[in-house]
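Start from the sequences and build out the full structure, keeping to the hints where you can.
There are 2 protein chains.
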Amino acid sequence: MMRTHTCGELNLKNEGQKVSLCGWVDSKRNHGGVLFIVLRDLYGITQIVVEPSNKHFNSAENLGNEYVIKAEGTVRKRPEGNANKNIPTGEIEVYLENLEILNTSKEPAFAIAEYINVNEETRLKYRYLDIRRETMKKNLVFRSKIAQVVRNYLYSNNFNEVETPILTKSTPEGARDFLVPSRINPGKFYALPQSPQMFKQILMVSGMDRYFQLARNFRDEDLRSDRQLEHTQIDLEMSFVNERDVALIVEGMMKEVFKFAGYDIETPFMDMEYEEAMLKYGTDKPDLRYDYEIKEVTEIFKNTEFKIFRQTVESNGTIRGINAKNAHQYSRSEIDKLTETLKSNGAKGLVWLKMKDGKIDSSISKFLKEMEVESLKKSFDIKEGDTVFILSDDKKNILNYIGILRNEIIKRDQNPKKKWAFLWVRHFPLLEWKADENRYDATHNPFTAPLPEELYKLDKKEELENIKSCQYDLVLNGVELGSGSVRNHRREIQEKIFKLMGYSEKEIYEKFGMLVEALGYGAPPHGGIGIGFDRLIAVICGYDSIREVIAFPKTTSGICPMTEAPSEVGEKQLNELKIQIKK
Amino acid sequence: MMRTHTCGELNLKNEGQKVSLCGWVDSKRNHGGVLFIVLRDLYGITQIVVEPSNKHFNSAENLGNEYVIKAEGTVRKRPEGNANKNIPTGEIEVYLENLEILNTSKEPAFAIAEYINVNEETRLKYRYLDIRRETMKKNLVFRSKIAQVVRNYLYSNNFNEVETPILTKSTPEGARDFLVPSRINPGKFYALPQSPQMFKQILMVSGMDRYFQLARNFRDEDLRSDRQLEHTQIDLEMSFVNERDVALIVEGMMKEVFKFAGYDIETPFMDMEYEEAMLKYGTDKPDLRYDYEIKEVTEIFKNTEFKIFRQTVESNGTIRGINAKNAHQYSRSEIDKLTETLKSNGAKGLVWLKMKDGKIDSSISKFLKEMEVESLKKSFDIKEGDTVFILSDDKKNILNYIGILRNEIIKRDQNPKKKWAFLWVRHFPLLEWKADENRYDATHNPFTAPLPEELYKLDKKEELENIKSCQYDLVLNGVELGSGSVRNHRREIQEKIFKLMGYSEKEIYEKFGMLVEALGYGAPPHGGIGIGFDRLIAVICGYDSIREVIAFPKTTSGICPMTEAPSEVGEKQLNELKIQIKK
Chain H
63 MMRTHTCGEL NLKNEGQKVS LCGWVDSKRN HGGVLFIVLR DLYGITQIVV
113 EPSNKHFNSA ENLGNEYVIK AEGTVRKRPE GNANKNIPTG EIEVYLENLE
163 ILNTSKEPAF AIAEYINVNE ETRLKYRYLD IRRETMKKNL VFRSKIAQVV
213 RNYLYSNNFN EVETPILTKS TPEGARDFLV PSRINPGKFY ALPQSPQMFK
263 QILMVSGMDR YFQLARNFRD EDLRSDRQLE HTQIDLEMSF VNERDVALIV
313 EGMMKEVFKF AGYDIETPFM DMEYEEAMLK YGTDKPDLRY DYEIKEVTEI
363 FKNTEFKIFR QTVESNGTIR GINAKNAHQY SRSEIDKLTE TLKSNGAKGL
413 VWLKMKDGKI DSSISKFLKE MEVESLKKSF DIKEGDTVFI LSDDKKNILN
463 YIGILRNEII KRDQNPKKKW AFLWVRHFPL LEWKADENRY DATHNPFTAP
513 LPEELYKLDK KEELENIKSC QYDLVLNGVE LGSGSVRNHR REIQEKIFKL
563 MGYSEKEIYE KFGMLVEALG YGAPPHGGIG IGFDRLIAVI CGYDSIREVI
613 AFPKTTSGIC PMTEAPSEVG EKQLNELKIQ IKK
Chain E
63 MMRTHTCGEL NLKNEGQKVS LCGWVDSKRN HGGVLFIVLR DLYGITQIVV
113 EPSNKHFNSA ENLGNEYVIK AEGTVRKRPE GNANKNIPTG EIEVYLENLE
163 ILNTSKEPAF AIAEYINVNE ETRLKYRYLD IRRETMKKNL VFRSKIAQVV
213 RNYLYSNNFN EVETPILTKS TPEGARDFLV PSRINPGKFY ALPQSPQMFK
263 QILMVSGMDR YFQLARNFRD EDLRSDRQLE HTQIDLEMSF VNERDVALIV
313 EGMMKEVFKF AGYDIETPFM DMEYEEAMLK YGTDKPDLRY DYEIKEVTEI
363 FKNTEFKIFR QTVESNGTIR GINAKNAHQY SRSEIDKLTE TLKSNGAKGL
413 VWLKMKDGKI DSSISKFLKE MEVESLKKSF DIKEGDTVFI LSDDKKNILN
463 YIGILRNEII KRDQNPKKKW AFLWVRHFPL LEWKADENRY DATHNPFTAP
513 LPEELYKLDK KEELENIKSC QYDLVLNGVE LGSGSVRNHR REIQEKIFKL
563 MGYSEKEIYE KFGMLVEALG YGAPPHGGIG IGFDRLIAVI CGYDSIREVI
613 AFPKTTSGIC PMTEAPSEVG EKQLNELKIQ IKK
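If you read the sequences in order, they're chains H and E.
Numbering-wise, the first sequence is residues 63 to 645 according to my numbering.
Numbering-wise, the second sequence is residues 63 to 645 according to my numbering.
Because the hints were derived from the structure by calculation, they are not lab data.
Errors might be hidden in some of the hints.
Heads up, the list lumps identical chains together, so a pair's fine if it works in one copy or across two of them.
[Unchecked claim] Straight-line C-alpha distance at most 35 Å; calculated DSBU-like pairs for lysine-lysine: (1) 321 x 410; (2) 458 x 364; (3) 168 x 139; (4) 187 x 573; (5) 457 x 357; (6) 634 x 568; (7) 168 x 561; (8) 440 x 522; (9) 357 x 439.
What follows is the structure, encoded as structure tokens:
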């Protein structure tokens, strides 16, 4: 054994013990001729003391930062006044008796310290230095532990982890599949899975009852900060369940996860119909840490002199607004910026009201009648210092704009009422019309079942866009964490839905053949969910970018600066695969 | 909740309870007008009773096998004499009160029964039916549970699970890499990892201290029964360790795994130098469940009249044999077959001796002198009924032949002395000469360190093939379960080894750049191992083929009969990826 202890565990109880520590030279300083080395490993830091009389003094003095050493010595109490109560090993130091240099180090590209700002490209190129920093180390350890919390919870609820293939068939949303040429079957390709969806449903047909997997999913799409070409999903599926059974399992899992992270969250989670979410918050993933409810005030403006609003009323549109309260003081220029944001997203304009010294000021003051002001004060519950924003448009378009407005207001409010606001958004529409493809498409997942009471609508053309489904999203603080549904377990209904989506028999066979076929052999009712694991960890740790919680992520150009993947490959290799690059 | 219980849990304690069960109709029979339905799920079977007076009798009578139903009713004790003590639910039955048909089923392609023999192609095509069978179900559940045993053990030993990329760079043994064209970076390719080797070493350089992952590895090779294009590996790496530290962790893990499987295995495992294994057993993965030691008998034949042996002695060759004992009676035709097997592998011939009625009979009887027979009897400890086989060749070639001979003898012996024979084979040669490539290559892994005491040989050209390394294999019952080593943590030594392997500076940079670079920034001494998870499960369950313990394996042609992967893809998709198929 090279070491008797790690650098994070020695304390006064070890006083007098001979120990052997291994780690990295974090720093060293010479204090009145005595050398103090801070030795670092994953678990912490320990101070090593080298007296000038020590035969290793010279070697010790020449140690560079990030050198790897083995230090043997005796644990002793730090002298009075030198203890550091902030770290677990702060009351002791190790009096060096033997020193072995295990490896040297070049000058690191950046210092291994938290406070040093380094651009992300450099951090990723030298990820092995970046991970030595406290925060990245903690993120990865935390991620590892949460994975185990999730697994233990699911195992204790009778789930079995089943590994599904990564080399599989190009399927449903094929366009974003990564392809892998097959050498043994020239001209043919495997595809990397966008999710184990069909396999997990097949496992339910197989009678596996409850399946889960921390599954790697792949999607060849243009990247955003919260996306990667490959990402990890807590993927689960259960037989003989309804929506609530799946929700119960997920809520129990989140309770465990957040307990481990130090938070006691309340279950059951809030629950909202998709329609209600859109109406109330203008988005299917409202951030409910904040109130900021959307109010409809069309009625107040029915006789308004403000032309735009009057037109809205006359054209059967809608006027809605939000009281941003006094959480933030909106200057004129800030309101202009907000207006710009909304306009650039397609809104026609933004009306504001403020109450200052008991008086209402507004961008449309000159059009506002006393009675209208009173009604607005009442409707929005306007108090001293509050700012209210109002938008108008037709009933469909306004949803998006008012959702954006609400998010902008939230961005400026740093005092959420709740730390963690979980929400189930349920009963998404089953189908939506894709004008450009001239066909219906599944809003989320082509395998989602309609609500049983809405099944009859599958036969009514005019009702197709109104079919509510068993599709549910899990939302946390305005972030979509996961998406799932109860699936079609009856073959004839699944086939009917595929046909409504414009697939021919042949296409159904080619794209979904194995699943449709399997449903014909006694598929049980089943449902499940996929929860973004990277995103879950990022949200808990407070990051916008999931790259902060992935050991070796790719940049937004899909490049790994450390390995330099993707790279060119030899002609010989391409020949073996019977493919060539198109000029 | 659709069900109150599973089909595996009701017993006399539940007598009188109203229950609701869901599952598949395993079978039904009409016994004197009363209908008995065996309902099956993952957890077991339960008998449902339907009286002729029951309003659901007709529906029940028309249920097909594999229909999915929900049965509500009351638990009652089976009538005297009808109990089945062999199953947990065998003392009760459920008296049907309500029946709901959740799904119908086509006639399955094969019956869901253990004893039905089905060819593998059909099993894989209808894997969802195959997995409903008891054995496959058990295999997958067992695999899932072992995965968790492994993880719990490693977590409790301070390992962190870190996910490494699946889209990475084509590296070392590039020729067998799967390639993935990058759409965002046209003309460039990702590669699927053959193992996370470089990433796990990078994690050690990152200070992660102890890493593990149940990692998916990919290798585009021609398949054998124990190989798949993708397979799962228990991959681990540790910092500040020597060979024995890694062995201790692995032995502890195996102890836990086998305890879960119901076996108490002994640790530490046996331990053998590579050289000794080759000499004693003619293979680097001897099956030590059986004795069958290889004896050198060259000395006995130094004056033989048998020409072939005399030539062997004269040309400084070696004569070795094995006493196959009386574990199996070798007929003449069987010995002929054995001889054929050896000859087809390159051996020159096979000599046999038998003792029957106290007398020695042999294929070379007429050449054997009395004294030689006596010496052979003594050397091989020949007893009544024993058969001895003897081979001769030069000292290098014989290793392979005698290894094959020993395996053939073992195949015919159905009574191993031990159930589980673990073995560490250690100190493989660091380098071997590849005549066809005119260069040295790593015998196992280019990152393996030489034994510290052999380091000096790196500078002696004539010693290069004699350098012993810190490479170890874990062998169980003659199967190589895993392979690992202590790695080169010093950059200059790693570079020296790459150069000995004939790589130029440029090639080193291209192939191993990130790792070599990382070693320069304070890499700690580290080592690890990768253990084939599919193979481990297969060996414990007693299978030769790992396909029996994989949910959705591919055939030996790399095809998935269920999904029909790999498949042709559209011109549009290839265009987007800027590749085309070569005619």
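Hints versus structure:
no.: 1; hint: 321 x 410; result: neither (45 Å within a copy, 70 Å between copies)
no.: 2; hint: 458 x 364; result: within (19 Å within a copy, 100 Å between copies)
no.: 3; hint: 168 x 139; result: within (33 Å within a copy, 77 Å between copies)
no.: 4; hint: 187 x 573; result: between (40 Å within a copy, 16 Å between copies)
no.: 5; hint: 457 x 357; result: within (13 Å within a copy, 91 Å between copies)
no.: 6; hint: 634 x 568; result: between (37 Å within a copy, 19 Å between copies)
no.: 7; hint: 168 x 561; result: between (63 Å within a copy, 22 Å between copies)
no.: 8; hint: 440 x 522; result: neither (44 Å within a copy, 92 Å between copies)
no.: 9; hint: 357 x 439; result: within (12 Å within a copy, 102 Å between copies)
In summary, the structure is inconsistent with hints 1, 8 from the numbered list given earlier, while agreeing with the others.
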